[in-house]
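Starting from the given sequences, assemble the full structure and let the hints guide the process.
Below, each chain spelled out in residue letters.
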Amino acid sequence: MELLAAYPILAAMLALGVLGGLFGLMLGFAAIRFHVESDPVVDQIDAILPQTQCGQCGFPGCRPYAEAIAAGTAEINQCPPGGEAGIRALADLLGRDFVPLNEEHGEHKGKRVAIIDEKVCIGCTLCIQACPVDAILGAAKQMHTVIESECTGCELCVAPCPVDCIHMVPVETDVESWKWPSPDDQASDMNLRELIQAAKV
Amino acid sequence: MSYDFSHLHRFPGGLRLASHKDLSTTRPIAHLPLPRRLTLPLSQHIGLPAVPLVEAGERVYKGQMIAAAEGYISAPVHASSSGTVVAIAELPIPHPSGLSAPCIVIDTDGKDEWLPTLAGVDDVLQRDPAELRNLIRNAGIVGLGGAGFPASVKLNTGLERRIDLLVLNGAECEPYISCDDLLMRERAADIIAGLRILRHVLNAAQCVIGVEDNKPEAMEALRAALAQGPDEGIQVVAVPTRYPAGGEKQLIQVLTGLEVPSQGLPADLGILCHNVGTAAAVYQALTRGHPLVSRIVTVSGDGVTEPCNVEVPIGTPIAELIAFCGGYTRDVRRLLMGGPMMGIALPSDQLPVIKTCNCILAATDATLAPTKPQLPCIRCSECAVACPANLLPQQLYWHAHARDLDAVQEYDLFDCIECGCCAQVCPSHIPLVQYFRYAKTEIWDQEREREKADLARLRHEFRLERLEREKREKAERHKQKRKALDTPAGDDDPRKAAIAAALERVKARKSVADEVPRNTDNLTPEQQRQIEEANRRRAAARSHKADTDNGAQD
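If you read the sequences in order, they're chains X and E.
Quick note on this note's numbering: the first sequence kicks off at 1 and runs consecutively.
Quick note on this note's numbering: the second sequence kicks off at 1 and runs consecutively.
The calculated lysine-lysine pairs, modelled on BS3-like cross-linking and capped at a C-alpha distance of 27 angstroms, are:
id, chain 1, residue 1, chain 2, residue 2
1, X, Lys141, E, Lys510
2, E, Lys440, X, Lys179
3, E, Lys545, X, Lys141
4, E, Lys440, X, Lys111
5, E, Lys474, E, Lys496
6, X, Lys109, E, Lys452
7, E, Lys452, X, Lys111
Calculated Cβ distances over 10 angstroms to all of chain X for the following chain E residues:
id, residue
8, His9
9, Asn134
10, Asp268
11, Ile531
12, Ala539
Hints listed in this document are in silico derivations from the structure and should not be mistaken for laboratory results.
All values reported here derive from a predicted model rather than from experimental measurement.
C-beta: ideal position from N, C-alpha, C; glycine also.
Here it is in structure tokens:
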């Protein structure tokens with residue numbers, strides 16, 4: 001005690017040192033105890049992608065594409081089903097500029113589902129093997145059918161069909177899925193309609 | 001907790017609007033002659049559409065359930081008169097989209113015959129609340145104030161929530177609409193009886209009927225009906241006339257001074273609110289057994305010759321209703337379902353009246369000023385002053401305009417009740433409510449898309465896992481087989497054993513095929529005859545096949 005009283009500078013250094021050590025321990029403990037698994041950027045990108053698993057981006061599914069974007073080996077404008085809204089969301093997330101959809105990968109179409117013409121189907125199972133989300137039901141030499149609510153409209157089943165019995169049909173808006181138009185769109189719609197009318201006349 | 005209504009409160013904002021109710025209140029409730037054809041949409045409520053129980057060609061009675069509720073939040077649909085089901089088809093319904101939805105079409109037979117088995121419940125007030133809720137659900141009763149939320153779902157507040165106060169909403173604040181006013185004047189006893197039932201179901205200590213003070217006759221009638229019964233804790237309270245005092249949250253705020261929490265329900269405060277029409281329908285359903293097959297509709301506006309209130313079978317074409325009220329005037333311009341503030345524009349009058357249709361407004365340019373061109377927002381903040389939900393409509397507008405769906409939610413878009421006060425006061429004629437409706441439906445759509453994407457991701461990941469597993473299993477099988485092949489052949493050769501087992505299985509199957517079916521004891525002569533006939537056919541087929549085979553060989 002006397003020693004400390006005699007050397008006030010030493011006392012101050014000691015006190016600060018002890019306090020520093022204590023706080024360090026507390027922070028270290030807090031870092032482990034309250035550790036939050038940060039959302040890796042791949043997951044965040046994957047959450048934005050539409051999960052059609054269509055492969056139009058050039059990767060075998062949405063997750064590989066998300067990984068490629070995160071790694072910087074793919075552009076953010078390669079996903080036609082995601083459309084402009086998807087590219088905007090990706091640009092927002094990654095802090096990049098918006099770029100229009102790369103047309104090499106296809107064009108943005110409305111929501112569609114595959115329908116199997118059951119009269120023509122020969123039960124070859126090729127489409128079942130092609131479906132990335134197991135949305136086609138059937139067995140060898142049995143009629144196949146698409147579970148519409150689970151179809152992502154990826155079109156991967158269309159090409160393998162040997163009898164061309166799979167058709168992509170647009171999903172019709174019903175009362176449940178109908179959306180109020182924005183008044184901004186309505187104004188332009190009306191102009192468009194007027195233009196069409198004028199053209200007809 | 002007990003409430004005292006001697007001192008009332010007020011909600012923020014709101015407007016004083018010209019009521020125009022006297023247009024339709026001078027005549028008593030009229031009854032529409034039975035229409036020839038009724039079109040009953042399967043979705044007239046909030047929740048999943050009902051599922052049809054009948055087929056085209058079937059004869060139905062009035063009050064017969066023709067479509068059942070699907071899932072918890074749903075309501076059944078009943079035939080509103082007797083007749084024949086002629087079709088179940090997609091037909092236009094009164095909906096802002098103007099789209100078609102599945103409907104059951106009935107051609108009435110003019111007899112208007114009730115289903116004979118319909119009967120009320122005796123001693124309603126002694127029954128178990130759960131049983132009564134079920135009866136209310138089966139009667140297809142939905143909130144008749146305009147939203148159409150299934151009444152039985154609203155009544156099921158759960159065990160942990162206690163309801164202290166039941167509010168019956170007779171405010172009817174929107175201009176032109178007077179169906180609740182007339183109902184209260186003419187059928188006050190039904191409403192009070194329904195209120196007693198609702199109170200029993202909820203075990204609510206206190207009840208209050210809130211009526212705007214511009215309806216003195218209605219209040220008089222309710223008080224007279226109350227005086228006849230031994231009711232304690234039921235009060236009729238006049239609330240100041242101010243739009244939208246008839247909004248559930250606003251009425252509760254006026255009566256109790258309590259604000260329903262953001263994105264919460266009145267039940268969070270121990271309060272429940274039902275429309276007076278719903279109470280009357282509950283009474284009809286439980287004491288007479290009559291499900292919801294008709295409602296009172298106000299036909300009003302300067303565009304119709306004789307505005308009045310009419311009791312209409314659900315499913316009646318609006319055109320017939322208008323014709324009953326003397327037809328259109330010459331300068332009619334627009335047709336609305338609902339009032340001028342919250343109603344939706346109808347593209348045609350060939351649409352049916354549905355459960356939530358409280359008013360048909362035939363508007364002239366005098367009733368409803370034509371939409372003026374939209375001007376830029378000048379940030380005057382009149383809308384924020386008028387908003388009864390304490391929101392900032394201009395901020396919501398800017399973000400909805402910019403399609404920033406996260407920002408609109410930060411500004412509590414989902415607390416907007418779409419009353420239209422903001423759009424009414426906007427000096428720039430900005431259709432604010434339309435922007436909010438757009439943003440709401442867009443957000444719901446995104447949520448649906450997100451759910452679908454999540455499902456697709458899950459299924460894709462599962463598939464990848466499955467393919468991987470199959471590959472592993474195949475490799476494992478090959479390894480096993482390889483090992484079996486490598487073992488020296490002998491008496492215990494696994495291959496021989498496998499072949500023997502397969503032969504055994506085939507033999508077993510053959511012996512079963514030759515066996516006589518086992519369930520041939522105690523046959524009726526009719527069954528015996530059928531079996532013999534089948535055997536004969538089989539033998540004939542066999543000999544025919546043998547013949548053709550021989551023929552082919554020849």
